[in-house]
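> In case you want the letters, here they are:
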Amino acid sequence: MKKLLLGNAAVARGAYEAGVRVCSSYPGTPSTEITEEIVKFDKEEVYAEWAPNEKVAAEVAIGASIGGARAMSCMKHVGLNVMADPVFTVSYTGVNGGLVFCVADDPGMHSSQNEQDSRHYAKASKIAMLEPSDSEECKEFTRKAFDLSEEYDTPVFIRLSTRVSHSQSLVELKDRENKEITPYEKNIPKFVMMPAMAKARHVVVEERIEKLKALAETDAFNKTEINDTKIGVITSGIAYMYAKEALGDKVSYLKLGMVYPLPEKLIKDFSEKFDKVYVIEELDPVIEDHCKAIGVDVIGKEKFTLLGEYTPSMIKKVVLNEDAPECAELQENIPIRPPVMCAGCPHRGTFYVLKKLGLVVSGDIGCYTLGAVAPLQSVDTTICMGASVSAAHGMAKARGAEFNKKLVSVIGDSTFMHSGITGLVDIVYNKGNNTVIILDNSITGMTGHQDNPTTGMTIRKEPTKQVDLIALCKAVGIDHITVADPFDVKNFEKVVKEEVNREEPSVIIAQRPCALLKSVKYTGHCTITDKCKKCKMCMKLGCPAISADGDGVKIDLNQCNGCGLCINVCPFDAISKEEN
Amino acid sequence: MNIMIVGVGGQGTLLASRILGNTVINEGFDVKVSEVHGMSQRGGSVVTYVKFGDKVFSPVIDKGEADIILAFEMLEAYRAMPFLKKGGKMIVNNQKINPMPVIIGATEYPENIGDKLRENIDLTEVEALEIAKEAGNSKAVNVVLIGVMAKNTDIAYEKWVETIKTTVPEKFLDVNLKAFEMGYNL
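The listed protein sequences derive, respectively, from chains Y and R. Those letters in the first sequence? Residues 1 to 580, by the numbering used here. Those letters in the second sequence? Residues 1 to 186, by the numbering used here.
Because the hints were derived from the structure by calculation, they are not lab data. Glycine residues also receive a C-beta, built at the ideal position from the N, C-alpha and C atoms. Be aware that a few hints might be false.
[To be verified] Quick list of simulated restraints, FRET-style, between CB atoms:
id, chain 1, residue 1, chain 2, residue 2, range
1, Y, K230, R, N112, 48 to 54 Å
2, Y, G456, R, N112, 30 to 36 Å
3, Y, I383, R, K55, 40 to 46 Å
Let's have the full structure, built from the sequences with the hints guiding it.
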């Protein structure tokens with residue numbers, strides 16, 4: 001049976017068909033739906049969970065593999081940085097049950113803070129990496145990755161990119177393999193990585209890579225398509241699809257489904273047939289550098305780009321010197337439409353107050369990163385998950401006590417559990433004096449409403465113990481913890497002022513649920529009344545429903561969800577609530 | 001056949017692309033549907049692509065290659081204009097949603113977008129928001145537009161209805177079927 005599946009759903013299906021039993025992940029665009037799809041299978045067949053962060057997730061999968069089950073963990077590219085520690089060592093131990101890590105890169109940065117190329121990790125950690133081009137390959141490569149993992153006693157990476165993860169194409173569904181759990185046997189030399197054992201395992205790793213190189217020379221994952229002898233193209237992943245679209249049968253292809261280790265003889269034999277050979281790959285010149293290192297003359301990044309996504313028209317221009325079709329170009333500059341916090345977003349109240357107080361805001365990863373966008377422009381820094389807390393501590397140590405009175409950290413509930421808590425421990429332990437605002441919106445927002453340890457629900461929406469943020473912060477050593485509603489702007493402002501001036505570290509829990517949660521039922525809409533003095537205070541909120549109307553202000557009824565924040569900031573009581 | 005769906009995050013472009021994708025798959029075509037998830041969904045410009053034919057390679061559509069553009073908002077329609085193929089057709093919901101740079105007064109919403117589009121391309125303007133409200137839910141704009149587009153394809157009415165029944169949650173089915181019918185019969 002053929003079905004239209006998202007690349008991510010196809011990865012989940014491939015894992016299911018391979019008999020995967022355990023999947024642990026932390027959500028991250030563009031990888032999130034893999035684990036969300038895994039959950040849709042019978043829980044008697046597959047156990048799935050959201051872990052607090054990618055390192056924990058990877059370790060859960062590693063443990064499951066050592067325990068004899070086929071296991072996987074899925075993450076976005078920057079999540080791979082978080083889990084890198086166990087990954088490099090599990091490369092040494094190898095596996096018991098098949099172990100697969102799915103990493104999704106984001107060329108073009110549709111929803112990411114950097115554009116790293118995760119293929120470097122495969123080489124650095126000496127772990128085989130497969131790269132599918134469409135949903136069918138997502139499914140088949142994932143299925144085969146488990147066999148590969150067990151046959152070569154290695155974890156295996158599946159590398160995805162946004163366009164593969166988030167495109168639907170047709171997939172042939174098969175039945176689930178009845179894969180029995182393998183017996184667990186204590187094996188200290190294999191699974192206890194201390195120097196003496198690790199030295200022996202390193203030898204095994206190098207031998208394994210040689211065996212995988214031999215596999216790369218075959219057509220197991222790497223395919224040759226010979227059409228024309230003038231131009232050859234070496235490519236992989238989504239770039240293969242772009243190249244096929246642009247160049248069709250006018251060129252020949254070496255499509256690499258295994259991007260680590262890369263073949264030598266296969267590339268040399270292919271390349272010598274052609275006058276010119278292009279390497280078509282997004283982001284870094286990984287295949288290109290390999291070709292050049294083995295003495296194959298290829299054209300790559302000097303004609304393409306290290307930045308962003310490729311397109312078929314770009315490839316057509318470079319390889320065939322053909323122009324894109326004619327089109328009706330715009331004759332004027334038009335306004336961009338950047339993403340914004342939704343109408344009713346609880347973070348809007350927080351950033352309104354922080355901006356009003358002129359504070360330096362050490363930011364983090366989540367919807368609330370949008371607090372850096374006009375008109376709020378409140379956030380000063382965003383680096384990575386958890387950095388808001390620890391970087392603020394560093395900033396305060398660098399600039400001193402007076403500066404610290406103008407400094408806060410903002411971090412979401414899920415991000416705090418991911419890696420904010422360790423920063424908070426650092427502050428307390430090292431006598432810091434920071435104010436950390438936990439934006440508790442009762443959900444992991446940005447990636448599309450995943451539960452986390454603070455929501456009291458598992459990935460399967462089963463009730464579970466809920467991390468008590470207040471008790472947690474207390475246990476760490478924070479004596480001043482205040483829960484405040486960011487929509488009660490007057491009180492929130494008072495609380496923030498008090499806490500930044502305190503001579504001790506403190507935590508403010510800004511508590512209000514995400515406006516998109518089904519449980520949140522704002523009703524009616526807000527309207528401007530004739531008491532309006534046109535001060536435009538409400539426009540400082542950056543609410544998508546409120547815009548200028550001549551020299552006054554209007555509220556778009558189709559956008560407004562009646563959250564009432566604007567009523568709380570209006571100094572003239574000139575906004576009223578009307579029920580529909 | 002290349003169809004591009006453009007709009008503002010939150011307008012339901014994703015559901016529209018899924019209805020479209022699942023309808024054409026039943027016609028026996030190869031299909032690719034490219035979606036947008038994550039940060040761009042938060043009220044930003046969103047673009048999804050639906051491509052079908054004997055064999056589809058790239059899931060994305062380049063400039064000058066879209067046979068049909070289904071636009072959920074005027075400014076986004078204008079932004080997408082260069083992607084329309086010569087002789088292609090654009091169907092646009094005449095709703096205007098101010099982007100943040102306009103809201104804060106940093107720039108202005110372009111005037112007379114409808115006229116500018118008509119000068120260049122074949123345009124069908126639809127009051128989809130009003131029709132959706134009449135059907136019973138302002139959120140059904142996406143299905144109204146799918147209805148208008150469906151009329152421009154060779155795929156039978158019943159096939160579309162079949163997909164809507166399997167794609168839309170039960171609770172909203174009646175409203176969506178009505179919205180589709182109203183769009184189709186415009």
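> Of the numbered hints stated earlier in the document, which are not met by this structure?
Violated hint: only 2; rest satisfied.
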